[in-house]
Structure formats: C-alpha cells, structure tokens
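Novice: The chain contents come next:
2 protein chains.
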Amino acid sequence: MEIGKLYGLGVGPGDPELVTLKAARIIKETDIIFAPQSRNGKPSVALNIVQNIIDEREEECEILQPLFPMTEDKDELAKSWDDAAEMLFEKLSNGLNAVFVTLGDPTVFSTFSYVSKRLQKKGVEVELVPGITSFTACSTTAGIQLTEQDDIMVVVPQVDERLPKLLPYVDTLVAMKTSRHLDVLEDCINKDPREKEIVSVQNCTMEDENVVHGFVDNKKYFSTSIIKFKK
Amino acid sequence: MEIGKLYGLGVGPGDPELVTLKAARIIKETDIIFAPQSRNGKPSVALNIVQNIIDEREEECEILQPLFPMTEDKDELAKSWDDAAEMLFEKLSNGLNAVFVTLGDPTVFSTFSYVSKRLQKKGVEVELVPGITSFTACSTTAGIQLTEQDDIMVVVPQVDERLPKLLPYVDTLVAMKTSRHLDVLEDCINKDPREKEIVSVQNCTMEDENVVHGFVDNKKYFSTSIIKFKK
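So the sequences go chain by chain: A and B. Quick note: the first sequence uses the numbering used here, first residue 396, plus one each step. Quick note: the second sequence uses the numbering used here, first residue 396, plus one each step.
Only chain A is shown next, with the shape it has when bound in the complex (with noise of 0.2 Å):
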C-alpha cells in the first residue's frame, strides 16, 4: 500500500477568518488532523482556529491531539517528537494522508519541522502549506510598516549575545515570545541611541488581542514587539 502523504499546514495568527482557502480545502479533503496540544486537557490553538472548517466537513475525519510538554528538556521533548512521528507514520503506512496543523506558518519556528524530519527520513511525502505569520498579523493589527524602501528587518526568537552586535544595522526588529525574555530586550533597546517606536500585540487576532504601545511585561505566552528605528 502506498504511503499516505503528509501536509504541513500554517493556519496562521490566530483569527479563523486568517487562514486560506488552500488550508481549507486541505483541512476539508484530509483523513487525519493532527493538533499537537501543549498542556493536558488544553484544546490546541491551532485546532480551535480550524474547528469551524473540520465542522463543515462532509465526511468525518479523525483528530490526533498528542501532548507536546511545554519544557526545555532535550531528551523529553526528543521522546515527544519520537512519539508523534510514530502515530502519524502508523496512519501514513495505512495509506491515509494527515494535516499537521501548526499557529503561524509551519517554516518559522513550527514544532512541525522536528516531526517531519522524523517522518522524511521513512520516505514519507510532505507537502507545505504557508499560513500568516505571526510578525505581519502584529504589523496589520497595530497599522505600522514592517518594512519599506531599503529597510533590513530581524526576526529574533529571543535574545543573545548577537543581538546588540547585529542591532546598529537593523531598520526593524521583530522580538517574538517577548515576555520571555523582556529585560535584556529592553536593556539592549535602550543601549541604542536612534529614536524608536514601539508597538507590542499580545495574542494578536484573537477574541482577547492587546495593542500597547512600548513592551509589555506580561507573561502571556503569544506576545510580539516591533520595535522602528527611525533614520
């Protein structure tokens, strides 16, 4: 039996209305939804955001919500990924294709690419679906420009000792996860001598979205920061 094919599929920020037609269609014609969830018992984001299509399907589809741990621990996050890679390929190998449905887009920062190396590597097909990112979703949500005319522009997951080296040359900088690491943000920001503007969303697009203008110390999970540098 052929093996089923794998999609990796971005369903963006967070506001249903955000996905697109694409991953609809995709999310309608696919046997297995895979909804990673991050805590027990907590509904994943990324299944809520597609609950409404999977609703609309005609026919049922089965929905694998594995428990991915919120931790930093190597070995259990490597077991966690073993696991999950091993469900799916149990489906695949019975010829089904599944949707690995993922926040944002599955190429940026997605916990996809670490089950889907997993799943390659056995020769299954995976196809990408690109979703909003989370970046432009805040630079929508908040009416600012990300970039215009010559601007560079860095994405940072968190911040290290490159940042204040790389930071006089940037236009923009989008600090995801902020509330992470907000001090040493900060502290950096401020070390820059440019005039800036700030803008932080916190759960951007959803039902209880939060636009503030300069950082917010909150430890809301989903927060970003843009942060201009004025020339």
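Any given hint could turn out to be false.
Same chains, same label: a pair holds when it works inside one copy or across any pair of copies.
As a list, the in silico DSBU-like pairs of lysine-lysine whose alpha-carbon atoms are at most 35 Å apart [as the list claims (entries may be wrong)]:
hint: 1; residue 1: Lys400; residue 2: Lys560
hint: 2; residue 1: Lys560; residue 2: Lys572
hint: 3; residue 1: Lys591; residue 2: Lys517
hint: 4; residue 1: Lys486; residue 2: Lys586
hint: 5; residue 1: Lys591; residue 2: Lys572
hint: 6; residue 1: Lys586; residue 2: Lys516
hint: 7; residue 1: Lys560; residue 2: Lys625
hint: 8; residue 1: Lys625; residue 2: Lys423
Rather than coming from a laboratory, the hints here were simulated on the basis of the structure.
Take the given structure of chain A and dock chain B to it, following the hints.
Specialist: Here is chain B on its own, set in the frame of chain A:
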C-alpha cells in the same frame, strides 16, 4: 456623508488559493477594487490573483488600475502616489469603501503604505489585512525551514554596506528581488566562511515557478533567495 473605509489587503505571493478567507470576503463585499499596474497595458499581478473571487461577486464592482511607474525617480513616484490617493479619495468621499490589493503583505515592502499615508492625513480610516509574504511562500515551496530554535533571521530588499557587518550574527538570510543585486550579494555570501545552503525561488507559487539550489542569474522580477548558515 461619511467617508468610506480603505482596506490595504495582502493577496499573497501568486497562487490564488493562498488568499485568506478574510481577504476573499472583503473583496466580495467592497465597492471599489484598486489594483495599480506597473506597466501600461500589463494587468496587475495582484488583480490576477483575485480575479476569480471578483468573478464570483453577486454585485458588480468598479476596478481602478492606475499606472505606478517602475522608476527610481522620486518625483515621478511621489506624483503617482499623489494621483492614486486623489483618485481613491474621490471614491471614498462618496461613501464608497475601497480595497487596495497588494502582492504579499501590505506591511512588507508594499507601495500601499505610500498611498495610505496620504489618505490617513485626510482622515480616511484604513484597515490592513495581512497576506502570505513571499519569503514564507518560498521556504514552504522549497521545503526548507526558515527558522528553528534560537535562529536569527534577516530580510533584506537589496545589498548595502550594512549586510557584511551584520551577516556573521545571522542564521538565515532572506534576500528579496535577488536579480537586482546578484553580484554583490554572491560576493558577500561567499566571504562568509560558514557552510551554507542556498535556495532561490523565482515567481514563487505562480504557474512558471522555478526552484533552484544556489543563486540564479536572471532578470525576472519576482526572485527571492534563502541562505541558511550551518551552525
């Protein structure tokens, strides 16, 4: 009479299926579609992408296709944006809503911002609708991850003296419109001693899409290169 609303709407990279559900709804509901042409007689790429959505409309809409010249002449560009803003303001003043369709996302190197600023000064309400950017379309097409873990990503629209300075601190470089500055870009990348993977995509997600490993020396306008440096 109340002034109409202007939408700055990203239609994604080229594939009509990569339009969001929200963008499709707004195109179906709005009175005026504004789609600048870059050359007289050459249909707007953004308009082509949404033509089948326009064809599905129950009511007719008006389509405006002014000419935005492909020039570096600042006065000529400013005049085209002034004219476009005036053309749109006339319609909006009559209480009609308008949607400005733009390739990719309206906050990433989009001409929309220049027209939008002029209209916001006149009190026009502007809503931005994000679109799939060319760089995530390219990474998904090429089947590669843009960023994982603590990766730093930089997006540049051209090569200037800042690129060699910040490059050592970068894991992923996205170079847009590569053909415009290929020699200087290649030179800059070659000087970096790290092992690297280079993928270039021309006319991403369009019918004549072309994925190449390495750079491509070709004057096609829509060409993006992704350079991933190994750690």
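Novice: Against the structure shown, which of the earlier numbered hints fail to hold, in ascending order?
Specialist: 1, 4 and 8
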